[in-house]
Amino acid sequence: MPQQKEQRAYRKPLPHIDEENRPWWEATQRHELYIQKCRDCGDLRFHPRALCTSCLSSRTEWVRCKGGGKIYTFTVTYQNQAAGFRESLPYVMAWVELDEGVKMLTNIVDCPPEQVKIGMPVEAVFDDVTPEVTLVKFRPAR
Amino acid sequence: MSLSRKIAVAGVYEHPTRFAPDKSMYQIMAESVRGALDDCGLSIKDVDGLLTAGMGMGPMGIVGFCDYLNLTPNYLDGTNIGGSSFVAHTAHAAAAIHAGLCNVAVVVYGSTAASSRFAIGTGGGHGGGDPCDQYEFPFGPTTVGAYAMIAQRHMHDYGTTPEQLAEIAVTMRLHASMNPVAKYRDPITVEDVLASRVISSPLHLLDCCIISDGGGALVITSAERARDLKKKPAYLLGAGETVRHAARGQRDFLEIAAAQSGRLAFERAGVTHKDIDMAMIYDSFTITVLSTLENLGFCKRGEGGPFVSGGRLRFDGALPINTDGGGLSSNHPGMRGMFLVIEAVKQLRGECGPRQVKNCKIALVHGTGGALGTRHSGATLILTNQ
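Chains A and B supply the protein sequences, listed in that same order. Residue 773, in the working numbering, is where the first sequence stops; the numbers in between run on with no holes. Residue 418, in the working numbering, is where the second sequence stops; the numbers in between run on with no holes.
It cannot be assumed that every hint is accurate.
Pairs of lysine-lysine, DSS-like flavour, derived with a Cα cap of 30 Å [as the list claims (entries may be wrong)]:
| # | chain 1 | residue 1 | chain 2 | residue 2 |
| --- | --- | --- | --- | --- |
| 1 | B | K332 | A | K748 |
| 2 | B | K38 | B | K264 |
| 3 | B | K215 | B | K77 |
| 4 | B | K264 | B | K332 |
| 5 | B | K306 | B | K264 |
| 6 | B | K215 | A | K701 |
According to the in silico footprint, chain A covers these stretches of chain B (three or more CB under 8 Å from chain A) [claimed, not checked]:
| # | region |
| --- | --- |
| 7 | 98-110 |
| 8 | 166-177 |
| 9 | 180-192 |
| 10 | 270-284 |
It should be emphasised that the hints constitute simulated quantities derived from the structure, not laboratory data. Virtual Cβ for every residue (Gly too), placed ideally from N, Cα, C.
Work out the full structure: start from the sequences and follow the hints.
Set out below in structure tokens:
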């Protein structure tokens, strides 16, 4: 049944996982969300990278996030021709500001698009989209 | 800036095509070079500097274009920072000429975005190779979506309305109606914009730039040499460029590159906002114009909504912008910065017919490349005919 197989295949783009970012993606597979903190100057950063962007120190602490945050801004996308997305319109894309103080781009799920508001408290949900990749999305806080 | 008034845009050419399935990108580029050289009376033999960028070119596209036109310039700049590239190229060419690295530089762009059916604004999600892409593309960012998030936040923080954004589109269409080569020339109303379908909330179809084919070129040389050529020179007074991005997750997204590039351009030009007679502001979307005007300092942050209302941006208003009809109505072949410089130069020469801004002596150009809501570049120029 080739048609059924195609429907099941995950068609959206997947991240390229390399040695620098692997710990972050492995944590998401365990349904854990981390940001990084510089052990020298204390600056927080996301997405993960090997060096502090404020002082260039390589001494990095991984900080586990509780998963809570607020919607900083969002858009309900009604048109996207790209495979995977065109089948899931409309969808909500947002910048969420984590309680720990950094913003990440994500999708808002488990919420009708017309109810999404800036400032809405949200919580992380872990979407195991493939056996290798788990994406961090957010839903209204419960 | 030590090169103020020492370098000039001497020749410009906007390719009139808006749909060219019969032409290649390189053909459009080459025809544009010919047009800009004809405009100022120079020949291809005079050209010893080349600056270009494109969406359809490979990573070494500038070398491929030199092959196509059999050029061996002394100065090459293939900087690609998105749609603002040609605005930045203008300043780069000026610096190179001022430094003695070349004498006559050509900046060129061509694209078959429309006839190649390239979904510039809504084809998001292809993925990309940069580290930042890995944390964005899985969630479906489109170009329009990334700008829409800026509009949403601006509306939330400052009460900016869809009607205020719509007036920008209406004004651009009015200007396009006076430009014989503009792609869309029939007038529209605020109601038309609001009634068009939502592409990515809160932006409607008519808040978005069009997709066309097209191209253009600039000839840049020393002010001294430009004075002996066919057309009145447009002298470079000041320039600035920079980028904004997610800033390690700590960005204030309503502060955009224009805040920095604009401040630099004004400081280097030695002029103030009230000296600006008209401005060419990259209008990928209506929100791009509002946000850019705020960040350039034409109004305070949050006051963009009222500022763009009441006809201020019309060709006969207090701050005329995008008198050619802009990317919203005239042309948008993917990277529009080229046309910002061309129209500003034509206004300074007084060549704009019914849409001519009266007594236009100083023009500002601001190009945006990429997406305000993720990462982008900004490049500002201030030009004068004095």
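Fill in: Hint check, failures only
Violated hints: 3, 4, 6, 7; rest satisfied.
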